[in-house]
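Visitor: Here is what each chain is made of, one letter per residue.
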Amino acid sequence: MISSVLDENIRLVEEAFKDCGDFVKRKLPIGRNKDIWLYVAYMDMLVSRDTLEGQVLDHLMIFLWENPPREENLKEHLFETLKDGVTTADIQVSEDMGEIREAILSGDTVIFVDGCARAMLVSTKGWPSRGVSATDSEVVVQGSKDAFTESFRVNTTLVRRRIKDSKLKVKQFKVGKRTLTSVGLMYLEDVVRKDVLRDAESRIESIDIDAILDSGYIAQLIEDDWKSPFPQSQVTERPDKASAAILEGRIVVVVDNSPFVLIIPATMNTFFQASDDYYQNWEIMSFARLIRFAAGFMAASLPGLYIAIACFHPSMIPMLLIFKMAGARQAVPFPAVAEMLLMDLAFELLREAGIRLPGPIGHAIGIVGGLIIGQAAVEAGLVSPIVVIIVALSGMSSFAIPHVSLVAGFRLTKYLLLACSAVLGLFGFWMGALFTLIHLATLKSFGLPYLFPFVSGDINCYSDMKDTLFRVPLFAMKKRPIFANPSESVRIGPHDARVKE
Amino acid sequence: MFSMNNKISVRQLQILLIIDIFGTGVIILPRRAVEFAGQDGWIIVAILACLATGSAYLMSSVGRLFPSESFVRTASKLLSKPAGKALGLIFAAKLILNCALEIRMFGEIIRQTMLPNTPLAVVAGAAISISAYAASKGYEARARIAQIIFPIIFIPLIIVFILALRQIDMTNLLPVFVAKPADIFRGTLRMGSAFSCMELILIAHPFFANPEKARKGASSAILLVGALMLFITIITIAKFGPFDVSRQLWPVLEMMDMVEMPGSFIERQDALMLSFWILSNFAITNSCLFFSSILLKDVIEKGRHLPYICVSALITAAIALMITNAEQVYPIIDFLFLTLGLGFMVVLPILLLVVARIRKKGVIYEKQT
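As you go down the protein sequences, you meet chains A and B in turn.
Residue 500, in numbering that gives the first Met the number 0, is where the first sequence stops; the numbers in between run on with no holes.
Residue 368, in numbering that gives the first Met the number 0, is where the second sequence stops; the numbers in between run on with no holes.
Since the hints were made in silico from the structure, they are not lab data.
Just so you know, even glycine gets a beta-carbon here, dropped at the ideal spot from N, CA and C.
Do not rely on the hints blindly, as some may be mistaken.
With a straight-line cut-off of 27 Å between C-alpha atoms, the simulated DSSO-like cross-links for lysine-lysine are [said to hold, decoys possible]:
1. B:136 with A:226
2. A:478 with B:6
3. A:144 with A:176
4. B:6 with A:226
5. B:6 with A:193
6. A:144 with A:168
7. A:193 with A:168
8. B:6 with A:465
Label-pair distances were calculated between CB atoms; the ranges are [claimed, not checked]:
9. B:306 with A:313: 40 to 48 Å
10. B:161 with A:166: 50 to 58 Å
11. B:158 with A:471: 47 to 55 Å
12. A:322 with B:303: 29 to 37 Å
13. A:149 with B:303: 31 to 39 Å
14. B:161 with A:356: 49 to 57 Å
15. B:161 with A:468: 40 to 48 Å
16. A:411 with B:211: 41 to 49 Å
17. B:161 with A:472: 26 to 34 Å
18. B:158 with A:418: 28 to 36 Å
The following block holds chain A by itself, in its conformation from the complex (with noise of 0.2 Å):
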């Protein structure tokens, strides 16, 4: 609580904000005979100056310049008529020190009056940001370029110019003890599912910890299984997927600082489609969906696979190409697994590499290490080519997966594959794939099926087969995913379609 003595409050304030170097504060007399005293307080950068002095200070003045209140009730009617002064809607009033505190923290300029135990929390908002800029990581051939941004409002406002709709709602979490940083969960009201939209409400709110930096530690605090190395959210930085996903009944978390949002629940078939599979013809697509899952598989399953039949079942593959690989494996000196491995790590290396370093450097790299050193380690006897090409199929594919975030438990997957295949040849393959499959089985987002619908489909009529390996024409997509609410299932048709169904 605080006090109605303005110096008390000053005191609180400046002990709390104390050696804060960008904290700016200032006492001023204001109204024409100057005897009413203001404390003003903000956070410096964290405030629009424009809007801190044009709309409210300026204001303040020339308002009780006009309009003074009267001395019999000058008391009772200050705070009131102060308010008044001030020409922006969002202003709040505050008892509270901590909730003075916060404010101030958020961009908002608190003004104490002296007499009255209540602050004005005036919405002054306007921190230095990145303006919205081109996607970097999701690229598409053909959809809108513009990406989400570390700036929370300009995020959920780049979802709703998508979704003109007030059923789309913003729910607001403040998470990280000290970070503060505001976290939202964007959904359209009717369509989401009340019991998944409870979960991730109170998932949030159960996170205790200190600072939120990013998305990712959200992603990682309410995941389901943490153990498990697959996504169980879904991270873009595509507005236009965002929206898409709202519409679809998922729920999209804004965080703060953060050009990431996530999406849940997600299951591994979300993870292969992309957002311009929408936006073209449906053969094309569909065939470039295909292609994804076929990537998928050879990311994780080529190079155990090829240990696994070039090793222990060599029967398998044709003369001609069997007295190839041995010619060229000849001069080899390690075994093939090791070979395998080497070829495996040295590209994971390229790729971490490639990553760290500024744009044309990391190309440099790529074209250094994938085409010099390949060529002179096959030259050198060190590996054959072979292996090369295995391990370069087997990284492009990994490549060919529009969502990061999955790649990343192909490539542990490959590494299980790799050494069951080198163990105990096809036999260890369907052994690691089996483990890799009852993990699958039993992972859940939201308590979604991870593998939903390729796992009972049933819930849902099989219609969300429709979007899996083919994706079939628009306008056959009659029905919402599973995620939607059942009630609000139907997004193509007349309305009686609903009520026939």
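Given chain A, work out where chain B should sit, using these hints.
Guide: The following block gives chain B in isolation, referenced to the frame of chain A:
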């Protein structure tokens, strides 16, 4: 929310039943059929398919009496508590033995075709461990796993068998109906083990989301498995002729190896096909481990089913490794089927249904109009 809390749908039940029954036994089915009835061996498989469908109907009728109750509790209610527990214990023992035999046979096939230098203990250990891991995840998770492996098993198999159709000679099946009825009867009795593990229907009832639809679902699934077995038997006999089939150890694998895939990159299909059988075997063994642990838990009435899976897995491994000669497996399977198998698949369901009728117990379902 979305999941059904360890309950499975009728579709999932059908898939589980199909892959549980369609196991390694199919590899030798045509040989055994021919041994009893020559080119008329397919008749035995056809009769078996019909009988198995009838048995599935009976067993799911027992489950319908007390849809939410476990097998042990149902038997306890109808017979008596000691009888229910004794039946549960015998059932669990039978499943563990079945699992061990399946693992032993599977291990032998893997060693002979894929890993000749690997000790049986390694193959059996890996197979049992992965099955136990799956069993520990519960029935709904098992159903989801089955939904994924179902197309992986059956799509390549169907393609291979359709391709095999091009190279068959149907005159190998002629003349028909020459086998003696006694041989057919003897074959039917001895080969019923091809449908062993079907008695799992008796225990699976509490896991059904729609118990009233389970009877139709289970019967149709068994009929489909029977039809598939019949199809495989017919084309294997038609491909090689009864004489060659009876001389081959695994005629179905031989046939797969001989099928020429148009434009195929793979030189030998049998290794690939065997890898699909790995999945099928996995389905059977994890079923046996799961249900034996459920039965043991119900008999002992203590704790969750997880520790019992470890017990079942260890006993399974011990039995599988005790059988030194793989040829011992088939007589034990036959014996097991002729005693406990028939007991649980035919005698016990009839007994329980009669007792329920006499004592007027169980849920009465209204006829659907």
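Visitor: Would you check the hint for residue 6 of chain B and residue 465 of chain A, treating anything up to 27 Å between C-alpha atoms as holding?
Guide: Holds, at about 25 Å.
Visitor: Residue 193 of chain A and residue 168 of chain A: Cα distance at most 27 Å?
Guide: holds, 13 Å
Visitor: Can you confirm whether the C-alpha distance between residue 136 of chain B and residue 226 of chain A stays at or below 27 Å?
Guide: holds, 15 Å
Visitor: When you take the CB atoms of residue 158 of chain B and residue 471 of chain A, is the distance between them in 47 to 55 Å?
Guide: violated, 25 Å
Visitor: That 29 to 37 Å hint for residue 322 of chain A and residue 303 of chain B (C-beta), does it hold up?
Guide: violated, 56 Å
Visitor: Do the Cβ positions of residue 411 of chain A and residue 211 of chain B conform to the proposed distance bound of 41 to 49 Å?
Guide: Check passed, 44 Å falls within 41 to 49 Å.
Visitor: When you take the CB atoms of residue 161 of chain B and residue 356 of chain A, is the distance between them in 49 to 57 Å?
Guide: holds, 53 Å
Visitor: Take a quick look at whether residue 478 of chain A and residue 6 of chain B sit within 27 Å of each other, Cα to Cα.
Guide: holds, 26 Å
Visitor: Measuring from beta carbon to beta carbon, are residue 149 of chain A and residue 303 of chain B in 31 to 39 Å?
Guide: Distance hint for residue 149 of chain A, residue 303 of chain B is violated at roughly 47 Å.
Visitor: Straight-line Cα separation of residue 6 of chain B and residue 226 of chain A no greater than 27 Å?
Guide: holds, 25 Å
Visitor: Given a hinted range of 40 to 48 Å, is it respected by the beta-carbon distance of residue 161 of chain B and residue 468 of chain A?
Guide: Given a distance of about 22 Å, which is not inside 40 to 48 Å, the answer is violated.
Visitor: Checking one constraint from the list: CA of residue 144 of chain A to CA of residue 168 of chain A, max 27 Å. Satisfied?
Guide: Holds. Residue 144 of chain A to residue 168 of chain A sits at ~24 Å (cutoff 27 Å).
Hints 3, 11, 12, 13 and 15 from the earlier list are contradicted by this structure; the remaining hints agree with it.
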